[in-house]
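Spelled out, the chains give:
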Amino acid sequence: MKYKLIIIGGSAGSFQLVTKILSKLPAGFNIPVVLALHRLKHIRHGFVEALSIKSVLPVIEPLDKEGLKPGKVYLAPANYHLYIELAGKFALSTEEPVNHSRPAIDLTFATGAYCYKEKTVGIILSGANKDGAAGLKKVKDYGGLTIVQDPSESQMPTMPTAAIEKAGQVDHIMKVDEIIRFLTSLNQM
Amino acid sequence: MNRANKEEIEIGISGIRKLTEVIRTQYDYDISVYASTYLKRRISGVIIKNDFKNLDGLIDALENQPQFFPLFQLQMRVDGTEFFRDPAFWRTFRDDLCKVLKNNHMKIKIWIPGCSTGEEVVSTAIALKEANAYDKSVIIASDINNEIIEGSRNKIYTNNILEISENNYKRFREDESADFSKYYSRQANGFAFSDDLYQNVNYEVFTGGDHKSIKGINIIICRNVFIYYAAQHQERLLEDFTGKLTINGYLAIGNKENITFCKDFRKYNVINESEKIYRKSINE
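First to last, the protein sequences are chains A and B. The numbers in the first sequence follow our numbering, run straight up by one, and end at 384. The numbers in the second sequence follow our numbering, run straight up by one, and end at 269.
The set of hints was computed from the structure by calculation and includes no laboratory data. Even glycine gets a Cβ: it sits at the ideal position worked out from N, Cα and C.
Below are the DSBU-like pairs computed for lysine-lysine, each with C-alpha atoms no more than 30 Å apart in a straight line:
1. B:Lys114 / A:Lys236
2. B:Lys3 / A:Lys314
3. A:Lys284 / B:Lys3
4. B:Lys114 / B:Lys140
5. B:Lys34 / A:Lys312
6. B:Lys34 / A:Lys325
7. A:Lys361 / B:Lys34
8. A:Lys312 / B:Lys38
9. A:Lys236 / B:Lys34
10. B:Lys252 / A:Lys284
Computed footprint of chain A on chain B; a stretch qualifies when at least three of its residues, placed anywhere within it, have a C-beta under 8 Å from a C-beta of chain A:
11. 16 to 22
12. 59 to 70
13. 147 to 155
14. 211 to 222
Using the sequences provided together with the hints, build the complete structure.
Dropping the structure here:
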């Protein structure tokens, strides 16, 4: 199997997209999916529940040093950065916000790419700031696969546009339905 | 400061090993206890902040300028994030824990290890005041060196954490009109808290092991400190805490931290799962 990690980053306008993607990923999907989504700092509860409604796979907020497992969807918890460490574990951090964000998409992408190298898939969806662009570039630099939502389809095109500019030559610019087809095809490999 | 926006400097495993060795031999201090991503990020931050060319520049400074080491430790630590982070935790502290502690003890001994920039110290002091428990409490705030502690004492905080803190305070009080500003005064470059909040705070340098005044603790507030350590060291940290808590003493950690895999965890009962509050139930 080619890929071992899928990271999805998004902000404003990405909630429905993520919900739609999760509703199409089949039970036992064989690659861990990590969601780095901007969210309100002070609201700890409710997001996982909202994402779980349509998701076939269990959605959880990982605890510090929890191991990544296929068949699960991991959501970066409120007010923490979510790092991926060697040995396939998460680590949390309350270090200063990056791009005014905690969780910062850039950090989850950069640490994931460092650990999983060419086995990483990075996907940037709709959002109103530029977080995620530098992270997606890291995925590219380490030989991973880079996918950006087609800005013409994004409710907030700033984030996908920034990612396309920064990463240079992303592998795919796709509409969400195409992203879903691509992800489900990975499961059959 | 022209490098303030510079992206993180990549630091390889061999570089980390070299740095670890230098610090171990020269300063008898072990940075291998830290979680790896955190360690790399902080080291990169120190290099950028001091305008070193690269990791070798930092290693060179540590080898040749011993006076730089405490500053290095200071720059490695994580700033506190806000006052009353996780208001629900502070409500539980004020309403449940303070009540029990007030009833059971003449003097309540609270320890805040890794106090860093002091946000948890101030939040604790305010919550104690509002629970009418401040006068019978002593707060021990500790960190690993004097430079960090000096930075925490009567600190002037920058305004960028004020808004979130005021909102946290309102949530803590469950009152939209609750006024955080009664506790602080505006300063030229930020805001500072009144002296009476610090009156019962004792600052101590603590690097592990036995300590003359850190013992017989009734509650340890140590939220979002375990996350910065590798798993083996988390184990040791918990053992250290267990030894310093009284029986029925409480331990509070961050809401996404996990110590359940530690051997010593069996000595604790879960008091509040969502706020991660535990009570020590046995000594051995």
